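Since the structure of chain A is provided, determine the placement of chain B on it from the hints.
If you're matching them up, the sequences are chains A and B in order.
Taking our numbering, the leading residue of the first sequence gets 1, the next gets one more, and so forth.
Taking our numbering, the leading residue of the second sequence gets 202, the next gets one more, and so forth.
Just so you know, these hints were derived from the structure itself, not from any lab.
Check each hint, because a few of them may be wrong.
[What the hints assert, rightly or not] Using 25 Å as the maximum straight-line C-alpha spacing, the simulated DSS-like pairs for lysine-lysine come out as follows: (1) Lys173(A) with Lys183(A); (2) Lys173(A) with Lys203(B); (3) Lys153(A) with Lys183(A); (4) Lys221(B) with Lys82(A); (5) Lys40(A) with Lys27(A); (6) Lys27(A) with Lys82(A); (7) Lys36(A) with Lys183(A); (8) Lys153(A) with Lys82(A); (9) Lys203(B) with Lys183(A); (10) Lys27(A) with Lys173(A); (11) Lys183(A) with Lys82(A); (12) Lys36(A) with Lys82(A); (13) Lys173(A) with Lys40(A); (14) Lys40(A) with Lys203(B); (15) Lys183(A) with Lys221(B); (16) Lys82(A) with Lys40(A); (17) Lys153(A) with Lys221(B); (18) Lys153(A) with Lys173(A).
Quick caveat, the model's predicted, so the values are computed rather than measured.
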Amino acid sequence: MEERVKTDMGALAASLDFDAELMLRVKEGDGASFGKLLEKHRAPVIHFLYRMVQNQGVAEELAQEVFLRVYRSRESYEPTAKFTTWLFRIATHLALNSLRDGKNQRLEERLDDDSPATPVRQVSDRRPSVEQTMVYQVRLDEVRRAVAMLPEKQRAAVLMHKYEEMEYSQIAKVLNCSESAVKSLLFRAYETLRARLAHMA
Amino acid sequence: MKCPMETRENGRLLDYASGKLDAVSSAQVEEHLQVCPACREFAGGQQLVWQALDAWEPTPASMDFDRRLYQAIEQQASWWVRLTRPFNPLFRHAVPIAAAAGVVIMAGLLMNRPPAKPTLAPQESAQVETLPPDQLQHALDDMEMLREFNHLLPPDHGDSKM
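One chain only, chain A, in its complex shape:
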């Protein structure tokens, strides 16, 4: 009976995605599969959290907590949804909590965040001029500010839609709301961003 349930779960996981299958292997004690999941999702999770809280130190700390929770939940894991839906649900939950608790600000004071606010652009032969770099920096600051000013849920929806390329249905599952609510969130968010970034045309 247990074997059959296991097989059914495996088939379900396979039909959902390969990540869920990897997670089922983690559940069975395969540490290497956890490593594969970490390798694949480390960057998207950190980037999502960074864009949510806009602090690299806090984002990494939250990402550590996300993967720690994934690992701790391995024994109770059931592949009822896409793995990324579950993963981003944890990440969004932590990010929203962090923003609400003001942990972001407290940690900003505590952490010696020496990471650059903007990535170091590695252009080997054609280095951007000082002017180009400054223009880029100004535009980036405006984009960051515009995104930061969005309400938290709208921000999460935009980041998942734009950068993680998630479907409306998946975003809805992550945010625990209906698909039409997600479309409405996105529409309002993009409307705000259009107004704030219109001068950049």
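Here is chain B on its own, set in the frame of chain A:
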């Protein structure tokens, strides 16, 4: 194609501006944009936002991210294991020994249980208490009658027969 703005199908315009539509659907939207200024403005503004967001490149993760994570996993997951590790060989033998000892103690306790004291059934004592007074009187009368009867007999009457 019906106007997405009028039918509140803004998702279609969002998808168009995000490049998420297939070729056929994209062509349909573009055809509509030719004749609809409102949708054209929306799509143009959305494409601008999309390009602006593209400029926000992510910062790479710290080099020691994985090391810190595995360290945290090791610390959290195995504190109990690490705590009990020195006692593991003891635990391995101690469990069956403790189980056997438990069985022996239980058996001993059961065998050495003191015998239960005979107690009057509550119903009997209740019967005594509830003896009717006339019955008691009869019994006393009978005893009195026997005593008088014994007085009437000669003192050695009973012994001579024996």
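These are the hints, each one checked on the structure:
no. : hint                     : verdict
1   : Lys173(A) with Lys183(A) : 13 Å, holds
2   : Lys173(A) with Lys203(B) : 29 Å, violated
3   : Lys153(A) with Lys183(A) : 12 Å, holds
4   : Lys221(B) with Lys82(A)  : 20 Å, holds
5   : Lys40(A) with Lys27(A)   : 18 Å, holds
6   : Lys27(A) with Lys82(A)   : 16 Å, holds
7   : Lys36(A) with Lys183(A)  : 33 Å, violated
8   : Lys153(A) with Lys82(A)  : 21 Å, holds
9   : Lys203(B) with Lys183(A) : 18 Å, holds
10  : Lys27(A) with Lys173(A)  : 23 Å, holds
11  : Lys183(A) with Lys82(A)  : 20 Å, holds
12  : Lys36(A) with Lys82(A)   : 16 Å, holds
13  : Lys173(A) with Lys40(A)  : 21 Å, holds
14  : Lys40(A) with Lys203(B)  : 41 Å, violated
15  : Lys183(A) with Lys221(B) : 15 Å, holds
16  : Lys82(A) with Lys40(A)   : 15 Å, holds
17  : Lys153(A) with Lys221(B) : 22 Å, holds
18  : Lys153(A) with Lys173(A) : 13 Å, holds
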